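Trainee: Modelling step: build the complete structure from the supplied sequences, incorporating the hints.
Protein chains: 2
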Amino acid sequence: MKVGFIGLGIMGQPMSQRLLQAGFHLTVYNRTAKKAEKVLTSGAKWVDSPAVVAAASDIVIMMLPDTPEVEAVLFGKNGVSAGLSAGKIVVDMSTISPEATVQFAARLREQNCEMLDAPVSGGENGAMAGTLTIMVGGDEKTFQKCLPLFQAMGKNIAHLGANGNGQRTKLVNQMICALHILAMSEGLHLAEALELNSEKVLQVVSSGAAGSWMLNHLAPRILQNDFTPGFMIKLQQKDLRLANELIKTLGENFPGTALTYSLFTKAAESGLGEQGTQGLIKLFRNQYNQFDGKSFAPRKPT
Amino acid sequence: MKVGFIGLGIMGQPMSQRLLQAGFHLTVYNRTAKKAEKVLTSGAKWVDSPAVVAAASDIVIMMLPDTPEVEAVLFGKNGVSAGLSAGKIVVDMSTISPEATVQFAARLREQNCEMLDAPVSGGENGAMAGTLTIMVGGDEKTFQKCLPLFQAMGKNIAHLGANGNGQRTKLVNQMICALHILAMSEGLHLAEALELNSEKVLQVVSSGAAGSWMLNHLAPRILQNDFTPGFMIKLQQKDLRLANELIKTLGENFPGTALTYSLFTKAAESGLGEQGTQGLIKLFRNQYNQFDGKSFAPRKPT
Numbered sequence: 265m266k267v268g269f270i271g272l273g274i275m276g277q278p279m280s281q282r283l284l285q286a287g288f289h290l291t292v293y294n295r296t297a298k299k300a301e302k303v304l305t306s307g308a309k310w311v312d313s314p315a316v317v318a319a320a321s322d323i324v325i326m327m328l329p330d331t332p333e334v335e336a337v338l339f340g341k342n343g344v345s346a347g348l349s350a351g352k353i354v355v356d357m358s359t360i361s362p363e364a365t366v367q368f369a370a371r372l373r374e375q376n377c378e379m380l381d382a383p384v385s386g387g388e389n390g391a392m393a394g395t396l397t398i399m400v401g402g403d404e405k406t407f408q409k410c411l412p413l414f415q416a417m418g419k420n421i422a423h424l425g426a427n428g429n430g431q432r433t434k435l436v437n438q439m440i441c442a443l444h445i446l447a448m449s450e451g452l453h454l455a456e457a458l459e460l461n462s463e464k465v466l467q468v469v470s471s472g473a474a475g476s477w478m479l480n481h482l483a484p485r486i487l488q489n490d491f492t493p494g495f496m497i498k499l500q501q502k503d504l505r506l507a508n509e510l511i512k513t514l515g516e517n518f519p520g521t522a523l524t525y526s527l528f529t530k531a532a533e534s535g536l537g538e539q540g541t542q543g544l545i546k547l548f549r550n551q552y553n554q555f556d557g558k559s560f561a562p563r564k565p566t
Numbered sequence: 265m266k267v268g269f270i271g272l273g274i275m276g277q278p279m280s281q282r283l284l285q286a287g288f289h290l291t292v293y294n295r296t297a298k299k300a301e302k303v304l305t306s307g308a309k310w311v312d313s314p315a316v317v318a319a320a321s322d323i324v325i326m327m328l329p330d331t332p333e334v335e336a337v338l339f340g341k342n343g344v345s346a347g348l349s350a351g352k353i354v355v356d357m358s359t360i361s362p363e364a365t366v367q368f369a370a371r372l373r374e375q376n377c378e379m380l381d382a383p384v385s386g387g388e389n390g391a392m393a394g395t396l397t398i399m400v401g402g403d404e405k406t407f408q409k410c411l412p413l414f415q416a417m418g419k420n421i422a423h424l425g426a427n428g429n430g431q432r433t434k435l436v437n438q439m440i441c442a443l444h445i446l447a448m449s450e451g452l453h454l455a456e457a458l459e460l461n462s463e464k465v466l467q468v469v470s471s472g473a474a475g476s477w478m479l480n481h482l483a484p485r486i487l488q489n490d491f492t493p494g495f496m497i498k499l500q501q502k503d504l505r506l507a508n509e510l511i512k513t514l515g516e517n518f519p520g521t522a523l524t525y526s527l528f529t530k531a532a533e534s535g536l537g538e539q540g541t542q543g544l545i546k547l548f549r550n551q552y553n554q555f556d557g558k559s560f561a562p563r564k565p566t
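Chains as they are written, first to last, in this note's numbering: chain R, 265 to 566; chain E, 265 to 566.
Please note: incorrect hints may appear among the correct ones.
Copies of the same chain are indistinguishable here, so a pair counts whether it falls within one copy or spans any two.
Stated by the list, open to error - Derived pair list, reagent style DSS-like, types lysine-lysine, alpha-carbon separation capped at 30 Å:
#1 512 - 464
#2 512 - 530
#3 409 - 299
#4 341 - 464
#5 512 - 309
Just so you know, these hints were derived from the structure itself, not from any lab.
Treat the numbers as computed from the prediction; the structure is a model and nothing was measured.
Mentor: Have a look at this one:
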């Protein structure tokens, strides 16, 4: 099975490495060629456009930042669509608009090609370890064909129905993550503001009904003042934008999701976009401190 | 060591049973005498007022609904205070105002008695299993003296500093819990509204970065339409009121906590107060349904 991979960013690089390690032959393309160096060293083959990737592959995987990039790579000049022939499969592992996903899949079906939406959760560490959660929407037979690829990259792989349902599930995942990050930020900052022992509070709180993956994995980083990104604030903000767009189509109120969207937007606009999502706490710490977007001066006792 | 126990509600009953099982002699009082029947059968001794409990005990434990009840039991007519003598210890395991806690401890210290604030997390199941999380504020030596009692009732026991810090930590715990319940409610309701397979979504989402104790323990109850209380909405709402009062003294913004307080208040006012906290999802489901506070008519596909 010949596999193509387009998009070799923070996630795409380790994901394609996992595929190479599993023995798949990989043809790759990336807008910035330099980012392909490592996977080329590992045995991937470089070509000069998405169209050539599609021509050379049975299954084309994309891992791109947002809806416009996916649309351009699929249907732009020298795009995937131009290199496809009947029976080929496109797997979009980016997190993008569910509605656009459904439209893209329909357009590819006119070329007798199936598309799967297969966004992931688990961040760079999960991608490197091959333990990603993969949420798949699309045709069942196509899902089965692609399963060996998913198994090389992920651990918890779920088929959730028709095209778009992978993206919809991912947005449910992201709105929950965002509220958990808010809970962590407000909880840890309240502990700080009350001059409690934050480490002890975290230990006792995370062991019970208030426990979460975020408290276990990101809260210790906050206590160490480590704001390097596992997942960037600007990407979390993008996912919340997609979630809010989806919610608008329902005409319902999701006030927690609306709140996290406004707070992550504020954080991104404050210069925190490239930091890890745990950096959201700086919005709260900053209520008492001069804010420079990078460092944190401990709050003075009142 | 003679132990007194005042407050034999949903939590107090199993907690006092654990103490009896661990071999402590228990003298008990409860406003509603009937609720004491089970612990009396298990060997506890009934007396007619908090004052007599205090006179008969070295350590007096209280497990009461809110600040006014604790104040009345301590300092009201025939209250604990009237039965204390120097060297006795009061352990308040209720969740109440941290500021009031500090005042109560100071008043008892005038009688040469130490008080600990030791609120718990883990609900009725945790109380029955003796696996409560116990967050303790107060004098270190007094904490050490009471540790065997805590070990009979709980598993994760933390001493967090001076009086009030147990309550403060509990409120941090409760604000995090409330935001996790909101995340669960919005996430599961979005899955329902999008007509996704809620069980599959829950399985895939809870296994990754969106994972939480709430998703593991309460979300399956929602999917089974089980709204019996592990912890009641009206008590969660009370804890959020205490958290918001505490936050007001800081002059800072905690918008997530403010939001959950308003939503839990809305839920309590809608007749959901006696239901489990997972019942918060009904606020969201009700956006499309006639609301009777009890049942849920599945949303019609659009």
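Trainee: Just pull the numbers of the violated hints for me, sorted ascending.
Mentor: 4, 5
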